[in-house]
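Going down the list, the sequences are from chains V and C.
Going by our numbering, the letters in the first sequence line up with residues 1 to 114, in that order.
Going by our numbering, the letters in the second sequence line up with residues 115 to 230, in that order.
None of these hints come from the bench; they were simulated from the model.
Please read these numbers as outputs of a predicted model, since none were measured by experiment.
Heads up, some of the hints might be wrong.
Said to hold, decoys possible - Quick list of in silico lysine-lysine cross-link-like pairs, DSSO-like style, CA-CA up to 30 angstroms: (1) C:Lys170 <-> C:Lys140; (2) C:Lys140 <-> V:Lys79; (3) C:Lys217 <-> V:Lys80; (4) C:Lys184 <-> C:Lys170; (5) C:Lys140 <-> C:Lys227; (6) C:Lys217 <-> C:Lys183.
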Amino acid sequence: SQTIHQWPATLVQPVGSPLSLECTVEGTSNPNLYWYRQAAGRGLQLLFYSVGIGQISSEVPQNLSASRPQDRQFILSSKKLLLSDSGFYLCACKGDQPIWEKLFFGSGTQLSVL
Amino acid sequence: SQQGEEDPQALSIQEGENATMNCSYKTSINNLQWYRQNSGRGLVHLILIRSNEREKHSGRLRVTLDTSKKSSSLLITASRAADTASYFCATAALTILTGGGNKLTFGTGTQLKVEL
Numbered sequence: 001s002q003t004i005h006q007w008p009a010t011l012v013q014p015v016g017s018p019l020s021l022e023c024t025v026e027g028t029s030n031p032n033l034y035w036y037r038q039a040a041g042r043g044l045q046l047l048f049y050s051v052g053i054g055q056i057s058s059e060v061p062q063n064l065s066a067s068r069p070q071d072r073q074f075i076l077s078s079k080k081l082l083l084s085d086s087g088f089y090l091c092a093c094k095g096d097q098p099i100w101e102k103l104f105f106g107s108g109t110q111l112s113v114l
Numbered sequence: 115s116q117q118g119e120e121d122p123q124a125l126s127i128q129e130g131e132n133a134t135m136n137c138s139y140k141t142s143i144n145n146l147q148w149y150r151q152n153s154g155r156g157l158v159h160l161i162l163i164r165s166n167e168r169e170k171h172s173g174r175l176r177v178t179l180d181t182s183k184k185s186s187s188l189l190i191t192a193s194r195a196a197d198t199a200s201y202f203c204a205t206a207a208l209t210i211l212t213g214g215g216n217k218l219t220f221g222t223g224t225q226l227k228v229e230l
């Protein structure tokens with residue numbers, strides 16, 4: 001089954017600084033990849049998804065961007081962080097048969113923008 | 115916007131009791147899934163129920179789906195302290211946009227605490 005590596009686990013950044021969160025996937029090829037954000041005590045909000053290299057779809061207008069330079073690499077970036085970018089960021093990958101609809105999640109990055 | 119809303123928001127029970135969580139959603143779905151999240155960790159898939167199914171079991175988990183009421187319930191029987199976590203329902207929309215890539219919409223979650 002898939003394994004998702006996500007780092008760093010925690011990150012404290014000042015307002016206005018850049019951001020780069022990386023996610024890599026093992027155990028599958030050409031996966032659908034997702035970035036979700038979770039505010040404290042809330043559900044998950046889908047930020048971006050990708051169905052292939054260089055293919056990025058944005059779900060909500062925001063200060064963030066995503067890129068997929070390689071098949072199993074998904075990067076979340078920002079040029080200048082805002083306070084509202086704080087949250088728990090999760091990378092996810094679509095499963096394989098027999099339950100291809102389910103998602104596998106990384107362990108998440110807790111981002112605090114101060 | 116959130117598709118699913120879980121109820122209750124928080125639930126505290128004693129070990130050995132059953133825990134029931136409910137999820138309501140708004141639009142037609144292809145399937146509904148339940149996930150578990152331990153504090154500060156990623157989500158783990160528990161069970162999937164398709165729109166043409168009414169009930170599904172997996173170990174101590176029982177999921178029901180009522181598409182006429184747009185609702186689902188997750189029952190955890192004989193709960194254990196290790197079941198303490200947040201539980202989320204997630205829906206896959208019936209309408210698949212071109213290149214939509216199996217997007218899931220998550221609810222706000224139920225925080226379950228199982229006490230010894």
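Could you grab the alpha-carbon distance between lysine 217 of chain C and lysine 80 of chain V and see if it respects the 30 angstroms cut-off? holds, 27 angstroms
Check the hint pairing lysine 184 of chain C with lysine 170 of chain C against an upper bound of 30 angstroms on the C-alpha distance. Holds - the C-alpha atoms of lysine 170 of chain C and lysine 184 of chain C are around 16 angstroms apart, at most 30 angstroms.
Lysine 170 of chain C and lysine 140 of chain C: Cα distance at most 30 angstroms? Since the Cα atoms of lysine 170 of chain C and lysine 140 of chain C sit roughly 21 angstroms apart, the hinted pair holds (cutoff 30 angstroms).
Straight-line Cα separation of lysine 140 of chain C and lysine 227 of chain C no greater than 30 angstroms? This hinted pair holds, its Cα atoms lying about 28 angstroms apart.
What's the verdict on lysine 140 of chain C and lysine 79 of chain V, does the C-alpha distance respect the 30 angstroms limit or exceed it? violated, 36 angstroms
Are lysine 217 of chain C and lysine 183 of chain C close enough, with their CA atoms no more than 30 angstroms apart? holds, 22 angstroms
The structure shown violates just one earlier hint, number 2.
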